[in-house]
Amino acid sequence: MSEEHYYLELCENPVQFENASSVNNVFFDEANKQVFAVRSGGATGVVVKGPEDKSSVAFRMDDKGEVKCIKFSIGNKILAVQRTPKSVVLPDKRSLKLLKSQSINVNWYMYCPETAVILLSTTFQGNVLQPFAFKSGTMSKMSKFEIELPVVPKPAKLNLSERDIAVANIYGQLYVMYLKHHSRTTDSPCAEVILYQLPREGSCKKTNVLKLNTTGKFALNVVDNLVVVHHQSTQTSIIFDIKLREPDCALNVHQPVLPPRSIHPYRIPLTGIGYLELLYVYTLIGYQWYLQVKLPPTVNLLQDKGKLIDFLLRRRDCKMVILSVCSQMLNGEDKGSLPVVATVFDKLNQVFKEYLEAEQTYTVAMESGPSRGSAARERPVRTQAVIDQSDMYTHVLSSFTEKKDVSHKFIIAVLMEYIRSLNQVQITVQHYLYELVIKTLVHHSLFYMLHQFLQYHVLSDSKPLACLLLSLEGTYPAAHQLSLDMLKRLSTANDEIVEVLLSKQQVLGALRFIRSVGGNDNISARKFLDAALQTADQMLFYTIFRFFEQRNLRLRGSPSFNPGEHCEEHVVYFKQVFGEQALMKQATV
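When you line the sequence shown up against UniProt numbering, it's residues 1 to 589, in that order.
Note that these hints are calculated values from the structure, not bench results. Any given hint might turn out to be false.
DSSO-like mimics (lysine-lysine), calculated; alpha carbons at most 27 angstroms apart, straight line [said to hold, decoys possible]: (1) K71 with K33; (2) K463 with K33; (3) K71 with K157; (4) K157 with K243; (5) K488 with K504; (6) K180 with K217; (7) K294 with K217; (8) K243 with K154; (9) K97 with K141; (10) K294 with K144; (11) K97 with K154; (12) K353 with K463; (13) K77 with K144; (14) K86 with K64; (15) K86 with K180; (16) K100 with K64; (17) K141 with K154; (18) K135 with K205; (19) K68 with K97; (20) K217 with K243; (21) K141 with K205; (22) K243 with K211; (23) K68 with K33; (24) K180 with K206; (25) K463 with K404; (26) K144 with K154; (27) K319 with K294; (28) K205 with K217; (29) K135 with K157; (30) K154 with K206; (31) K64 with K144; (32) K335 with K211; (33) K205 with K180; (34) K154 with K86; (35) K135 with K33; (36) K335 with K439; (37) K97 with K77; (38) K335 with K294; (39) K144 with K157; (40) K144 with K100.
Whenever a hint applies, use it, and build me the whole structure from the sequences.
Right under this line is the structure:
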């Protein structure tokens, strides 16, 4: 099958260890994600391998019998070895102190290392679960809760095994997952996964139901906040996202996000017998994998673009996949309608806005300093779900506007829809997006529409935009005046307006403008005299020269130019053309 078929795969670099045999026992520690290979009871070596090379350890122990269990504490500081059902040996003898104890009848237990919570199965049927939380050397009792069994056995017997329970951290919340097998006599014999949310304080609540739509043996994983359910007989897996909620429903009932698929086969080279294709982890060959979600195949499997974006935004490595969805949505056979495009843009910009607000809140808090009693703020993390204007411009919109086979009306509508979406969440639109709109309008000779967009301020004023309009004067003559009008509206762009007018040899117009804003006492005489000289209009030069003589007289009492103004060549030219007697004389009293 093609690569596009599989949305689950095993990691590229598995942990390799000595395979299980008559002389080598293999153990797995869920808390540290470590594999222990124990040879000859430890006498000839114990090799510990974890997800990272730095967590690998090798050592030897005295052979004091068969090892039934072996584990390190967090950080590999303490080693515990179990050789008999009722004793745990610490090879390095030190003192132990009993901090707290609980007396309770336990059928089995389950521990969640990420949250340091242990779950104990109690009562005859095993369906009353008592959680305990560990923190900083203390143990606290949490509210116990009862798992609803499909059938209550008579007489009472253990009916809930640890194979049907899993504890996981999903979207930052602790959940207990119960694999519920219905009786064949019921209306719906298909199995379900029931999720109970377990808060640190307060009672546990049944929050989600995952419909498996089949029966048989299952295994559970949580990968990238997705619940992955593996079906043994069909060798397929399905995934659920509990954040894809049903509206107005207190208890969320979920169907699989995607159709069932097998895990991508992993090929291992074995000397002499070619390749072995594996879907599962075997201690017999000494490999341990992490399960991963492949996002690109999900794009074609989930047709609802809004639901697809919701799904992708919550995944770790989502940015480039989301940008490819946006490109696909605007091109080719999968081109979406404008309402669909608008929905996608709104979802992306809402996440972008939330990040900007969090960043601003953090900045304000840092500037004001820590307040008494408040916890230290952490800088918001910019995840791959934050897709800003630069990302959209670079990877989607700029190439989209160059498409020859797409209607220019649709191109402009998409650009304006993205700008509308940004404005809706009050994000300042970057000038390069407006430039893209203007260039597209000019390219298709839609000057009337451009004029309307500027007249009604659909495109916000900015200096870069005014300069772009100025550069379009050759194609669209009215762009020159539109540019000047925009610069005037900015009111902080007086220098730019003067430069624009002088570049067009409108020297008197520039002088009138600078006088209208009261800046004529500070302008450079040389700049205006140079511009007048370039026009080759002697009378214009005379008018400008006389204006600055009068300014000099008014400001300094003398019509002469100061040496620092560097106008000597202009004075020489004036004398050559009009004669020295034409120079203004200093007033005498």
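Going down the list of hints, with the structure as the test:
For the hint linking K71 to K33, the alpha-carbon distance of about 10 angstroms falls within 27 angstroms, and the restraint holds. Annotation: proposed proximity of K463 to K33 is violated, straight-line Cα distance about 57 angstroms (limit 27 angstroms). A C-alpha spacing of about 32 angstroms is found between K71 and K157, which places the hinted pair above 27 angstroms, so the restraint is violated. Proximity of K157 to K243 is assessed by CA-CA distance (about 36 angstroms); at most 27 angstroms being required, the pair is judged violated.
A threshold of 27 angstroms between alpha carbons decides the hint, and for K488 with K504 the separation of about 17 angstroms falls inside it, so the pair holds. For the suggested pair K180 and K217, the alpha carbons sit about 11 angstroms apart, so the restraint of at most 27 angstroms is met. Only pairs whose Cα atoms come within 27 angstroms are accepted, and K294 paired with K217 is accepted, the gap being roughly 24 angstroms. Between K243 and K154 the CA atoms are separated by roughly 38 angstroms; this puts the pair beyond 27 angstroms, and the hint is violated.
A hinted pair counts as satisfied when its Cα atoms are at most 27 angstroms apart, and K97 with K141 qualifies at roughly 20 angstroms. Proximity of K294 to K144 is assessed by CA-CA distance (about 37 angstroms); at most 27 angstroms being required, the pair is judged violated. A hinted pair counts as satisfied when its Cα atoms are at most 27 angstroms apart, and K97 with K154 does not qualify at roughly 43 angstroms. Pair hint K353 plus K463 holds up; C-alpha atoms about 25 angstroms apart against a cutoff of 27 angstroms.
Under the criterion of a C-alpha separation no larger than 27 angstroms, the hint pairing K77 with K144 is inconsistent with the structure, at around 32 angstroms. Taking the CA atoms of K86 and K64, the gap is near 15 angstroms; set against the 27 angstroms cutoff, the hint holds. The hinted pair formed by K86 and K180 fails the criterion: a straight-line CA distance of about 32 angstroms is larger than 27 angstroms. At most 27 angstroms may separate the alpha-carbon atoms for a hinted pair to count; K100 and K64 exceed this at roughly 31 angstroms.
Between K141 and K154, the direct Cα distance comes to roughly 31 angstroms. Violation of the 27 angstroms bound is thereby established for this hinted pair. Proximity of K135 to K205 is assessed by CA-CA distance (about 23 angstroms); at most 27 angstroms being required, the pair is judged to hold. For the hint linking K68 to K97, the alpha-carbon distance of about 25 angstroms falls within 27 angstroms, and the restraint holds. For the proposed pair K217 and K243, the alpha carbon gap of about 26 angstroms is at most 27 angstroms, so the pair holds.
Among the hinted pairs, K141 with K205 is consistent with the structure: their alpha-carbon atoms are about 17 angstroms apart, no more than 27 angstroms. A C-alpha spacing of about 15 angstroms is found between K243 and K211, which places the hinted pair at or below 27 angstroms, so the restraint holds. Pair hint K68 plus K33 holds up; C-alpha atoms about 18 angstroms apart against a cutoff of 27 angstroms. Among the hinted pairs, K180 with K206 is consistent with the structure: their alpha-carbon atoms are about 13 angstroms apart, no more than 27 angstroms.
A threshold of 27 angstroms between alpha carbons decides the hint, and for K463 with K404 the separation of about 30 angstroms lies outside it, so the pair is violated. Restraint check for K144 and K154: satisfied, since their Cα atoms lie roughly 23 angstroms apart, inside the 27 angstroms limit. This hinted pair checks out: K319 and K294 have alpha carbons roughly 13 angstroms apart, not beyond 27 angstroms. Note on K205 and K217: the hinted pairing holds, with a Cα-Cα distance of about 26 angstroms set against a maximum of 27 angstroms.
With a C-alpha separation of about 34 angstroms, the suggested pair K135 and K157 falls outside the 27 angstroms cut-off, and the hint is violated. At most 27 angstroms may separate the alpha-carbon atoms for a hinted pair to count; K154 and K206 meet this at roughly 25 angstroms. Among the hinted pairs, K64 with K144 is inconsistent with the structure: their alpha-carbon atoms are about 40 angstroms apart, more than 27 angstroms. Between the alpha carbons of K335 and K211 the distance comes to roughly 32 angstroms, so the proposed pair goes past 27 angstroms and is violated.
Between the alpha carbons of K205 and K180 the distance comes to roughly 16 angstroms, so the proposed pair stays at or under 27 angstroms and holds. Restraint check for K154 and K86: the C-alpha separation of about 32 angstroms exceeds 27 angstroms, so the hint is violated. Between K135 and K33 the alpha-carbon distance is near 20 angstroms, which keeps this suggested pair within the 27 angstroms criterion. Pair hint K335 plus K439 holds up; C-alpha atoms about 23 angstroms apart against a cutoff of 27 angstroms.
With a CA separation close to 17 angstroms, the supplied pair K97 and K77 stays within the 27 angstroms bound. Distance restraint check for K335 and K294: the Cα-Cα separation of roughly 23 angstroms lies within the 27 angstroms cut-off, and the hinted pair is therefore satisfied. Simply put, K144 and K157 have alpha-carbon atoms about 20 angstroms apart, close enough for the 27 angstroms limit, and the pair holds. Taking the CA atoms of K144 and K100, the gap is near 19 angstroms; set against the 27 angstroms cutoff, the hint holds.
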